[in-house]
Amino acid sequence: MFVQEIKLHHMKMKLKNPFKTSFGTIQDKEFFIIEAIDAHGNSGFGETVAFTIPWYTEETVKTNHHVINDFLIPLLRNQSIEHPKEVAELFRRVKGNHMAKAAIECAIWDLYAKQQGLPLAKVIGGDKNAIDVGISLGIQPSSQDLLEMIDHYTSQGYKRVKIKIKPGHDVDVLREVRHHFPELTLMADANGAYSSKDFDILTILDEFDLIMIEQPLAEHDLLGHAALQKSMKTPICLDESIHSLTDAQLAIHLGSCQIINIKIGRVGGITEAINIHHYCRDHQVPVWCGGMLESGIGRAYNIAIASLPQFTFPGDIGESSHYWYEDIIDPEVSVHHGQIQIPTTPGIGYNINQKTFNKYRYHTEIFNLS
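When we follow the working numbering, the leftmost residue of the sequence shown carries the number 10, and every step to the right adds one.
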């Protein structure tokens, strides 16, 4: 499989609603769509998921562009790639920059699956025909707004609700939600907003019967998470702390978590996501797929990875219309009775909607690899 050309499409889209977390509010999403093209004109697509500000990881849209343009694309020149896993190995000489790497690697996985004439989910070992999905709700202006959103999405069949929390916006909010929805499959996500001085507050959350609390402490505080997990019955899930298989191994060994959120962009691509999945499967640690406010391209990869057997919790995947006025894929991602059907057509299973793609594309850079 010789990748003859890479196109870097600069995109800007506006979310339907601002998405507020402990680290900030997002309304406009700027990103790149990577298009990998072979000698026969077949195209595979990937998406960068970094934000414009380095508040989730150190990567940004601008650093993604710099690393892809100046380091990763040059590494692909004159390379004959037999399998997408070789891309991850080739990129190891560049430190970090996982989201930049993942965008290119995903495009090549899509291209490879299309060349094989198989759905990406089957190529990577998926064994499901459909996946259960949950919804992630940002911090809302009022409790009433939050309750109305929960009622809306649960009535549509979403099988799990995630609520963002932060110091001062936690116990009372969760108590209110649990009072109105006593049977709701509920979790809380702190995005690392707490510290060791907050253990007394965090342990109160045990009373709300959460399926997990996601990333309560800072990214590098695996020892703190281990101490907190010993004092809580609620399972801790790690997100920002896990950038690689090594991170997952260490977190599990230390007892820092009972669940891991696998995000393809955060861990550097599908190859590493599969490695983490297999390790967690072998150690009976459930995993699930979080979201990064992706367009339909990135969402398609989340659907594919969530088809792997150890993804046992509903993911933050959701339908296109929850996030966007219009998506750049055809058909758009849709949810029926709390599930998304796994595409059965080759590759990621969604086509580019050229009209909307052109509408949100600002410019394109073309790189010849021969």
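Some hints here could point you the wrong way.
[What the hints assert, rightly or not] Under the rule of at most 30 angstroms between Cα atoms (straight-line distance), these lysine-lysine pairs were calculated in the DSS-like manner: (1) Lys94 <-> Lys123; (2) Lys137 <-> Lys104; (3) Lys168 <-> Lys23; (4) Lys175 <-> Lys23; (5) Lys25 <-> Lys239; (6) Lys21 <-> Lys104; (7) Lys206 <-> Lys21.
Quick caveat, the hints were computed from the structure, so don't treat them as lab data.
(request) Please work out if Lys175 and Lys23 have their alpha carbons no farther apart than 30 angstroms. (result) holds, 25 angstroms
(request) Decide if the proposed pair is consistent with the structure: Lys25 and Lys239, CA atoms, cutoff 30 angstroms inclusive. (result) It is violated: about 40 angstroms lies between the C-alpha atoms, which goes past 30 angstroms.
(request) With a cut-off of 30 angstroms on the C-alpha distance, tell me whether Lys168 and Lys23 pass. (result) holds, 26 angstroms
(message) Just to be careful, I want the Cα atoms of Lys206 and Lys21 compared with a cutoff of 30 angstroms; is the pair within it?
(response) Cα-Cα ~40 angstroms, so violated.
(message) Hint check: Lys137 vs Lys104, CA-CA at most 30 angstroms. Holds or violated?
(response) violated, 34 angstroms
(message) So if I understand the rule, the pair passes when the alpha-carbon distance is 30 angstroms or less; does Lys21 with Lys104 pass?
(response) With Cα atoms ~27 angstroms apart, Lys21 and Lys104 stay inside 30 angstroms; holds.
(message) With the threshold set at 30 angstroms, check whether the alpha-carbon distance from Lys94 to Lys123 stays at or below it.
(response) holds, 16 angstroms
Of the numbered hints given earlier, the model fails hints 2, 5 and 7; all others are met.
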